[in-house]
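Listed here are the chains, written in short residue letters.
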Amino acid sequence: MLEIDNLTVAIQENEEQVLKHLSLTIKPGEVHAIMGPNGVGKSTLSKVIMGHPDYQVLEGSIRYQGQDITSLATDERARLGIFLLMQDPAVIEGVTNSECIRTALNERSDKPVNLYQFIKQMNEKMDSLHMDKTMMHRFVNQGFSGGEKKKNEVLQLSMLEPDFIILDELDSGLDVDSLKLVCQKLQDYKQEHPNCSMLIITHYARVLDLLKPDYVHQMMEGAIVKTGDITLAYDIEKTGYHGINEIRKMMTDE
Amino acid sequence: MNKLIVDNQLQQKNTTNMITVAEDSLLIFAQPTDPIYLLITNSLTLEIECHAQVTLYIFNPSYDVSIKVHLQDQGHLDSYVSLVANHLMHTDITICHETKKTISNLFCHGISYGQGDLRLTVNGIVPKTIAGCTCNQTNQLINFQDAKSSIEPNLWIEEYDVIANHAAYIGSFLKENVFYLQTKGLKIVTIYQLLSKAFLYQTSQNEQYQQRIDDALLKIFAKEVKE
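Just so you know, the sequences run in chain order A and B.
So for the first sequence, numbering that gives the first Met the number 0 puts the first residue at 0; every next one is plus one.
So for the second sequence, numbering that gives the first Met the number 0 puts the first residue at 0; every next one is plus one.
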């Protein structure tokens, strides 16, 4: 599904390297999680996968479903089926939610979306996410609480039906009940689309308890330094990143 | 120069409810009217005499235009000007307060795209002894692709007892907004169209105005914006 090979990335502006020889392979249907302290490049990785113009790839490649997407524009990657659920989604004054989603659907198809079907589908999805229907006609994320923004992203995701989902700190800004609801919707989506893969970027194991990753990776200084199962997340939560690195160092020394 | 007295009767006769101006003209607003919608279809000079409270919407899809407003008697003009440019285009607007206690509020929103070079000059003039006036102007221009633009905002106030404000802004669409919409799969051209519409709609919440923005500016714009 997604193969990142030896990826080295720098910030366009100052050429500072933020990802260093990072490799990661995610197979269809797999759920991977990345954990790491602030500033190690987790969110950068999610933006680089999406082709954010602030970053330049110095070395390595990103392949998605067998196709090299390293030089593709962000919108082309999205139309191939990659969806980024942002940590802090942008507010877009003047563009309504329904306009945004309908335009996104139209961009994926030769025929314009049937308006009746679209509204019906939106209503159903909004009901299942316990979202107020008026949010359909409100400007994208304007005046939304942190939780509403995340639900809105999940709404978009369920309408656009991607094959690969990046969840960048899904749990930030969500209360316990909303997090459970959103994770349940993501699980439901995963059941309906068994080949859909996910990359979860998080600081906390609680979101991983709900989304059940197959692999957990620890990132440090722009690279993946350790891979394990969910127990790695529990260990990190117990001992902290410093602690787990100390243990790792002791084990290596022995 | 054509001379036209604009009142509600004239507006009712006009089935499109939009006055099209193709030559140099003098428009006279002698009494309060419903909002007036003005579409510029040629390079020209426009003189406006405003004696009453009027809301005026002007649409200029890329012509060189010079507009001079004379505020007299009970003159109170709220003007909303929408501009779209894909080549060198001058728009000069001068508001002359010629009677005490006249009011002008001017809102200009413009988009410069492709090879556009939008040059906007806005003057507000309040001479000595013309006291108690309000003279406000807000100008915002957005550039994208290879386009550029400039604003020269001037307030010539010779009287102490006047309220006058101006704001001017030139910029581009926020990069984070463009990226966000791209992550949803929207092509860059579509994003420019959506954000341009949103930007021009911000000038006024008037639904008829927004409909006219679609008809007068955005359809032309949609055809011409290229990747």
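Hints listed in this document are in silico derivations from the structure and should not be mistaken for laboratory results.
Wrong hints could be hidden among the right ones.
Taking beta-carbon pairs under 10 Å as the criterion, some of the chain B residues facing chain A (in silico) [stated by the list, open to error]:
{"#": "1", "residue": "Met17"}
{"#": "2", "residue": "Ile18"}
{"#": "3", "residue": "Lys174"}
{"#": "4", "residue": "Gln181"}
{"#": "5", "residue": "Lys196"}
{"#": "6", "residue": "Gln201"}
Which chain A residues stay away from chain B? Per the calculated CB distances, all over 12 Å, these [as the list claims (entries may be wrong)]:
{"#": "7", "residue": "Leu23"}
{"#": "8", "residue": "Arg78"}
{"#": "9", "residue": "Cys99"}
Even for Gly, the Cβ is constructed at its ideal location relative to N, Cα and C.
Unsatisfied constraints (hint numbers, rising): Result: hints 1, 2, 8, 9 break, sorted rising.
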